[in-house]
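Engineer: Make one complex out of these two single chains by using the hints.
Single-letter residue listing:
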Amino acid sequence: MRLLWEVARRSFRRWSTYRMATAAGVVTNTVFGYLRAYILIAVAVAGGGRVGGWDEATLVTFSFLTQGLIAGTGAFGESELAERVRTGDVVVDLYRPVDLQAWWLASWIGRSAFTFLARGVPPVLLGAVVFDLVVPPDAATWAAFLASVALASGVGFALRFCTNLTAFWLLDNRGVDQLVTLVLAFFGGLLLPVVLFPAWLEELARSLPFAAMVQYPAEVFMGRHDTVGGMIGVLAAQAGWLAVLVVAGRLLLGAATRKVVIQGG
Amino acid sequence: MAEALSLLRSYRRLVGAKIRSDWQYRASFLLFLLSQTAITALDLVVIVVLFDVVPSIGGWDITEVAVLYGLSGLSFGLGDLFISQVETIAVHVRQGEFDRFLLRPLPTIMQLSATEFALRRIGRTVPGAATLVVALVAADVDWTVGRILLVPVTVASGTAIFGAVWVVTASISFWTVGAREVANSFTYGGGFAHQYPLHVYARWVRTLLGWIVPMAFVAYVPAVRLLDAPNPLGLPDWLAYAPPFVAVASVVVARAVWAAGIRAYQSTGS
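Protein sequence lines correspond, in order, to chains G and B.
Residues in the first sequence are numbered consecutively from 414, following this note's numbering.
Residues in the second sequence are numbered consecutively from 9, following this note's numbering.
Next up, chain B with everything else stripped away, as it sits in the complex (with noise of 0.2 Å):
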């Protein structure tokens, strides 16, 4: 316990003294925050002149849809504000630079996180979030207490199970750093595809980037539960309650994934 707080000590110094790091180049950051903001409410604007050509999408109508846009923007811009740091182990593996991380008394993907922190990126969460409340208000749910806390829930286990991808994706640097932009089809691509009722796909993208990599639980599962919205894929009601378990479990999967990228590490200089 001691040793955990310490630990949240010193990833608290480290993110605060980036903060002031990136502040002194102030027009650029203000640029950047408003740039990662509009980049995702964009995403938002495209569903909102979709929905002005057609009333539905996949049978859900434009409500239902911001619902899954915002479970799955949130989810992705918290992910991308705490985890997506570790991506840049590539750019530190081939100029030689990760020895250095190997060497400090701090968990490699706390570090990471902590160094490369960019407060910027907070931006990326707040349409989502803005969206997610305003279409759950406006959204016609049958609120009990079940459906109350399958909100927050979701949203954690959203933000856990982009972590996870971002982890595995990411370690892929350690064993070659050329393909590091075969990530982007999973996190951002992950995030942008959810932001649209699964269904819409064909079976080999459901398959692929909804149950192997289980991103269908950041959004789309929980919220044809919490909407009753038209469920053509016949998923079970009690599904909705997976996504804790199943963000356990990536976790899980993420950690051995970038231990055994630990492993496999050479350095440049070797």
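Only chain G is shown next, with the shape it has when bound in the complex (with noise of 0.2 Å):
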């Protein structure tokens, strides 16, 4: 435990020392935020105000709120793990007297939290320079969305985790990478609330994993799970992927390493 949290520890510090790197992720996050702002504005002025049964300053703070998710969350991809695997170099990290999954996860929480501070919250501040966005109504509300965020982020790394072994089979996963990665830009609302799809596929993208790294946190931020009830559903449901995903994660990792082939040697 020790040993983990020390691995998070360099890893949120590691992170913390690509300074401007974090600055240009902040600005182009920022950017999106306002096209995607302007174009819903454009949306729900055509819809006379309301689309979906969310109001302009709603799908104004979504953009912004989504923007902000994505680093933290790594909804657009990460490859660290599948890169080490294809030199070779995930040997080493079989070698040591620990997990292979719990030393992602501890590594992962590390970058996590930094990038959650430093990649997440500035696009929302700056949207909120020229939007009134919404905020959360009241303290529980902020605790809801803070374990949100985390069970988000944990969805996230399990998730990665997976796309990241599929290397030990491909080698150059990167195209399974890339296709996750836009199935979950779709189905996540990266790209749209999924408030605005038609009923069936606002069904569909609710009952797949990827709205449970970017719309929910989302959606519980702006109130929109208001009842106790409601709130706990969304969370529970996040609880419910974290774990399927993990499980995922061992089973894979099990048949990865009964078959891995070291390149040369």
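Everything labelled a hint here was simulated from the structure, so no lab data went into it.
Note that the structure is a prediction, hence the values are computed from the model and not measured.
Heads up, some of the hints might be wrong.
Among the chain B residues that face chain G by a calculated CB cut under 10 Å, a handful are [what the hints assert, rightly or not]: (1) Leu42; (2) Asp60; (3) Ser64; (4) Ile65; (5) Ala191; (6) Trp212; (7) Val213; (8) Thr215; (9) Val261.
Facing chain B, from chain G, some residues (calculated, C-beta under 7 Å) [what the hints assert, rightly or not]: (10) Ala437; (11) Val444; (12) Gly466; (13) Leu595.
Glycine residues also receive a C-beta, built at the ideal position from the N, C-alpha and C atoms.
Structural biologist: Structure representation (structure tokens):
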């Protein structure tokens, strides 16, 4: 446990040294936040001020929240482990007397904690410069939001752990990684809030794990699930997907280590 | 002339070699091709979903927005296929490999374009091209010779403009390798922004991503004229014929910035 804590701490420190890259990422997330906000405003105007049950302020807030959640949940992909599989460095990881999944989870938590603070918060604040954003109505919502974000990051980790492991079979897994990213982008609410989907498509999106990464935490933040039951339901759905994907990762890891072929020997 | 032909021959050989080498990872190549096509097509799906909710965006109907998507998507895709490779200089500079490019007897941009060529990116051009054709047929365009010519000229100009944006933003890496991602705001951001009518954005966005970085000429400006679409910004008609001139100017600026970048470049070892 102590070891994993140190791994997480060092991962946090490591990511915090990329200051320029962090600032550049914030700029890009903010620009996309504004572009999506203005497009959704135009859509809301055409829909008489409200679409999918959301008003302009909610749509705008969603645009910035999703941009803020991308980095911390690793929604746009993460391939460090896959790269280590491809180069053969993973053999060093497998030698370590620590479980591979736990090791990467610890490293992910450190990174995620840093990116939520440094890349997640600024785009939302920069969005608030121009727009009046919806803020959580009470302390309970804030607490639920923080829990939801932590679960979202966990789901992001568990999902990417699986896609990274496919490198054991494919060597170059970037194709898989990209496919997962685009399905996630669409069904996870990164391109459009799923409330704008036709009913059947929204239902499909909500029955997939991807909504648990960005759509749900954003909805919790904006107080869309304002009953206690509603909030618990969302958090339970996220926790459920986290469990399923962690187990899937374990099974994949077992299969991968049984057939491990290290390049060069 | 002979020199230009010899350059092209080298370029073709290098690109051919890169395509053969990518083909070695067949499954990954095909998945990648598919995902590149799907990523671009997804933006179209978003437009279709939005028009299922509302009948118009910024006063433009779905055919008109589809023309924007087609023009912007096709030009972006072609720029992505042939020029976006310049953004890999961030990696080459950091790893101290860029010196090698300076030693070889081929223009640096051409070398990068060839050695980092990725045929899978052709997937990005497909949805844009297909949508452009379908939308132009579906749109009620009053076709004249001028308007027919406007389409290929716009696509060629748009490709050059996006290419110039890639070169200028990639040049940042000559000064600092950390800030590479800012480039995405202009390249991917620009490609995305111009799938929608420019007038839906606030003035500062229009100024920055439309006129200073002249991406308005990729799709919006010619589309207004081509479709006689609602024009709340009051753009004059003659502006539709400006893209080729804007494209030439953009390329001139891009070459100058790239050259300045190379002069400022310091090898990691020194």
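Engineer: Identify whether the interface hint at B:Val213 stands, where standing means a beta carbon of chain G within less than 10 Å of its own.
Structural biologist: Since chain G brings a Cβ to about 6 Å from B:Val213, closer than 10 Å, the hint holds.
Engineer: Minimum Cβ distance from B:Trp212 to chain G below 10 Å?
Structural biologist: holds (9 Å)
Engineer: Restraint: G:Gly466 near chain B, CB-CB cut 7 Å. Satisfied or not?
Structural biologist: violated (11 Å)
Engineer: Answer holds if the nearest beta-carbon of chain G is closer than 10 Å to that of B:Ile65; otherwise answer violated.
Structural biologist: holds (5 Å)
Engineer: Would the hint on B:Asp60 be counted as holding, given a Cβ-Cβ threshold of 10 Å to chain G?
Structural biologist: Check passed: Cβ of B:Asp60 comes within 6 Å of chain G, closer than 10 Å.
Engineer: Can G:Val444 be said to touch chain B, with a Cβ gap under 7 Å?
Structural biologist: For G:Val444, the interface hint holds, since the closest Cβ of chain B sits about 4 Å away, which is under 7 Å.
Engineer: Answer holds if the nearest beta-carbon of chain B is closer than 7 Å to that of G:Leu595; otherwise answer violated.
Structural biologist: holds (5 Å)
Engineer: Would you check whether B:Ala191 satisfies its interface hint, that is, whether its CB is within less than 10 Å of any CB in chain G?
Structural biologist: holds (8 Å)
Engineer: Hey, does the B:Val261 contact hint survive, CB to chain G under 10 Å?
Structural biologist: Violated, about 21 Å.
Engineer: Holds or violated: the hint that B:Ser64 contacts chain G, with Cβ atoms closer than 10 Å.
Structural biologist: holds (5 Å)
Engineer: Closer than 10 Å between Cβ atoms is the bar; does B:Thr215 clear it against chain G? Give me holds or violated.
Structural biologist: Result: violated, 13 Å to nearest chain G Cβ.
Engineer: With chain B as the partner, please determine if G:Ala437 meets the hint condition of a C-beta pair closer than 7 Å.
Structural biologist: holds (4 Å)
Hint compliance for this structure: hints 8, 9, 12 are broken, all remaining hints hold.
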